[in-house]
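Take a look at the letters that make up each chain.
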Amino acid sequence: MFYIWDIIGTFIFCVSGALAGKQLKMDYLGLFVMALITGTGGGMLRSILLGDLPPVVFTKPDYVIAAALAVPASMMFGNAWQRHNRIVSIVGALGLGVFACLGARTGIEHGLSWWASIGLGIISATFGGVLRDIIRNEVPLIFRKEIYATAALLGAAMVLTMDAAGLPKDFSLIVASVTTAVIRLLAIRYAINASTHD
Amino acid sequence: MFYIWDIIGTFIFCVSGALAGKQLKMDYLGLFVMALITGTGGGMLRSILLGDLPPVVFTKPDYVIAAALAVPASMMFGNAWQRHNRIVSIVGALGLGVFACLGARTGIEHGLSWWASIGLGIISATFGGVLRDIIRNEVPLIFRKEIYATAALLGAAMVLTMDAAGLPKDFSLIVASVTTAVIRLLAIRYAINASTHD
Amino acid sequence: MFYIWDIIGTFIFCVSGALAGKQLKMDYLGLFVMALITGTGGGMLRSILLGDLPPVVFTKPDYVIAAALAVPASMMFGNAWQRHNRIVSIVGALGLGVFACLGARTGIEHGLSWWASIGLGIISATFGGVLRDIIRNEVPLIFRKEIYATAALLGAAMVLTMDAAGLPKDFSLIVASVTTAVIRLLAIRYAINASTHD
Numbered sequence: 006m007f008y009i010w011d012i013i014g015t016f017i018f019c020v021s022g023a024l025a026g027k028q029l030k031m032d033y034l035g036l037f038v039m040a041l042i043t044g045t046g047g048g049m050l051r052s053i054l055l056g057d058l059p060p061v062v063f064t065k066p067d068y069v070i071a072a073a074l075a076v077p078a079s080m081m082f083g084n085a086w087q088r089h090n091r092i093v094s095i096v097g098a099l100g101l102g103v104f105a106c107l108g109a110r111t112g113i114e115h116g117l118s119w120w121a122s123i124g125l126g127i128i129s130a131t132f133g134g135v136l137r138d139i140i141r142n143e144v145p146l147i148f149r150k151e152i153y154a155t156a157a158l159l160g161a162a163m164v165l166t167m168d169a170a171g172l173p174k175d176f177s178l179i180v181a182s183v184t185t186a187v188i189r190l191l192a193i194r195y196a197i198n199a200s201t202h203d
Numbered sequence: 006m007f008y009i010w011d012i013i014g015t016f017i018f019c020v021s022g023a024l025a026g027k028q029l030k031m032d033y034l035g036l037f038v039m040a041l042i043t044g045t046g047g048g049m050l051r052s053i054l055l056g057d058l059p060p061v062v063f064t065k066p067d068y069v070i071a072a073a074l075a076v077p078a079s080m081m082f083g084n085a086w087q088r089h090n091r092i093v094s095i096v097g098a099l100g101l102g103v104f105a106c107l108g109a110r111t112g113i114e115h116g117l118s119w120w121a122s123i124g125l126g127i128i129s130a131t132f133g134g135v136l137r138d139i140i141r142n143e144v145p146l147i148f149r150k151e152i153y154a155t156a157a158l159l160g161a162a163m164v165l166t167m168d169a170a171g172l173p174k175d176f177s178l179i180v181a182s183v184t185t186a187v188i189r190l191l192a193i194r195y196a197i198n199a200s201t202h203d
Numbered sequence: 006m007f008y009i010w011d012i013i014g015t016f017i018f019c020v021s022g023a024l025a026g027k028q029l030k031m032d033y034l035g036l037f038v039m040a041l042i043t044g045t046g047g048g049m050l051r052s053i054l055l056g057d058l059p060p061v062v063f064t065k066p067d068y069v070i071a072a073a074l075a076v077p078a079s080m081m082f083g084n085a086w087q088r089h090n091r092i093v094s095i096v097g098a099l100g101l102g103v104f105a106c107l108g109a110r111t112g113i114e115h116g117l118s119w120w121a122s123i124g125l126g127i128i129s130a131t132f133g134g135v136l137r138d139i140i141r142n143e144v145p146l147i148f149r150k151e152i153y154a155t156a157a158l159l160g161a162a163m164v165l166t167m168d169a170a171g172l173p174k175d176f177s178l179i180v181a182s183v184t185t186a187v188i189r190l191l192a193i194r195y196a197i198n199a200s201t202h203d
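Chains as they are written, first to last, in our numbering: chain A, 6 to 203; chain B, 6 to 203; chain C, 6 to 203.
Among these hints, one or two may not hold up.
If several chains are the same, the list does not tell them apart, and a pair holds so long as it fits within one copy or across any two.
[What the hints assert, rightly or not] The list that follows gives simulated cross-link-like pairs (lysine to any residue, SDA-like), each with its CA atoms no further than 20 Å apart:
(1) K30 / L117
(2) K65 / D11
(3) K65 / W10
(4) K30 / V183
(5) K174 / I12
(6) K65 / L55
(7) K65 / W119
(8) K27 / E143
(9) K30 / S118
(10) K30 / A192
(11) K65 / R141
(12) K27 / I139
If you're looking for bench data, these hints aren't it; they were derived computationally from the structure.
Using the sequences and the hints given, assemble the complete structure.
What follows is the structure, given as structure tokens:
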């Protein structure tokens, strides 16, 4: 089930990359590469940092397929994405939560301590977007909207706490991911971000 | 013979990096670093992704020497590069082809599937230029000119097909690289790129 | 003792990252991430290139703590940093020297040749700042001020020479780091940089 969420989360991040590429008037291959980088960059950096190589995007085709599907999706339903903005936000926030939780667990499985695993969860959830923003010459979102990375941090910490408490793995992942998504969505809804310069 | 092509390809990409640095009014060391990053960035990322470390640029001095030679070459013959634009384009396109083919073969040798190896070929051929463009704050060329990455994709696919068909390795590499170069040069000549916003 | 210098150097680079984040009006978490990336990016890339994974920042908490302390330090003493500019320059230049020397030694310990080890020293000393500058959309300092990377190069070469001559390790590291710092400080003092376009 969570493999499905992983792919759905990847797809959503891929679409966000492809939409960013569209704004830059990239061609089809450019959109595909932007989609792939945005959707898989976080997992790729995690693999590099853990020495767990080659990254899964080079061994399982699903991620490349998700990126390939994101291109027509962003082209054809570009307006629909705008109209159903709320659905995109919800699924994207769930993707953030799932990526943060899966990333944190991967850290624990590789013998990292809790704080390093939380860091790995944040990296997994945010680095794809950082690459997307660097390529399009913008200061990355993560540095402008605190609740984005903070939500990932809380989700990662929550899943590790529940794992340590011995709760069922699937249950913990669902609860922590949904909590992450709710925090993120509330932050979007009420435009919360603890800027140091308000 | 292909080692020579690898070094020539590296040198040409190094010169393109140094010329970009010149436009930014970088000093000599800056030009050298730009040359080195542009010429070896693709191979370095490939090594990182495969866990084949340290990258060859740290073990064989030829790449550093190519970058060092690219600096005076770009300084002194800056105008010549402009005048003999066609020669630079041809050698650069051949470099693109050789890098794409060598990168794809490296993937197969490391047990990757064909599609991942093609991806690795594209990364090998384009990532140095991506770094160059990120450093100088431009949207990378690969995202603006489709035929650039597409030519690399076709060359990588072609060499893998010919290898699978059991053709002589050297022959396949020459044919695929030259084909890549011809595609790329035709695209430059006729300014082909399948933009999504024409 | 040099572990202490490593942490102090990290802290100083962290503060420079946090101050850059402040100029971009980042929030607290953004400042922390900028501090962490700037302070540890060089060491992280060195670990990735050597396949020495995961990077030490994921296994020892001191680096994360240094980044966390850099945030209030940059917020509260923002003006003090300006006033005691000279102290910051001196400690920062020493950090540059220590990072360059430690990075070069790490290369030798991993069996790299002298020139590759010097390269690794330069990477260790400068890459964090390169990341900081890419994130804030500036052409990296290393490409604009030659004496920055050149000082790192000289320090790295010096410590390797002294090591090869069999001098005591601590003595060599101190002398080479201080020399690096002096070169860097003289360059700042007299605004030396061998621009190609003066």
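Since the copies are identical, ignore which copy is meant and state whether K30 and L117 lie within 20 Å (CA to CA) inside a copy, between copies, both or neither.
-> neither (42 Å within a copy, 32 Å between copies)
Identical-chain pair category, K30 with A192, by Cα at 20 Å | Intra 30 Å, inter 19 Å, cutoff 20 Å: inter-copy only.
Should K30 paired with V183 be assigned to within, between, both, or neither, using CA atoms and 20 Å as the limit?
-> neither (34 Å within a copy, 30 Å between copies)
Within, between, both or neither, where K174 and I12 count as close if Cα-Cα is 20 Å or less = Within one copy only: 19 Å inside a chain, 38 Å across chains, cut-off 20 Å.
Copy assignment of K65 with R141, given that the CA separation must stay at most 20 Å = Neither: 28 Å inside a copy, 34 Å across copies.
Status of D11 relative to K65 across identical chains (alpha carbons, at most 20 Å) | within (13 Å within a copy, 30 Å between copies)
From the Cα coordinates, with 20 Å as the cut-off, is the pair K27 and E143 best called within, between, both, or neither?
-> both (15 Å within a copy, 16 Å between copies)
Homo-oligomer pair classification [L55, K65; C-alpha up to 20 Å] | both (18 Å within a copy, 15 Å between copies)
How would you label the pair K27, I139 (within, between, both, or neither) given a Cα cut-off of 20 Å?
-> both (15 Å within a copy, 19 Å between copies)
How would you classify K65 and W119 at a CA-CA limit of 20 Å: within, between, both, or neither?
-> between (28 Å within a copy, 12 Å between copies)
Can you tell me if K65 and W10 fall within 20 Å by alpha carbon in one copy, between copies, both or neither?
-> within (15 Å within a copy, 32 Å between copies)
Check K30 against S118 for me: Cα-Cα at most 20 Å, and say if that holds within a copy, between copies, both or neither.
-> Classified as neither; 43 Å inside a copy, 32 Å across copies.
In summary, the numbered hints that this structure violates are 1, 4, 9 and 11.
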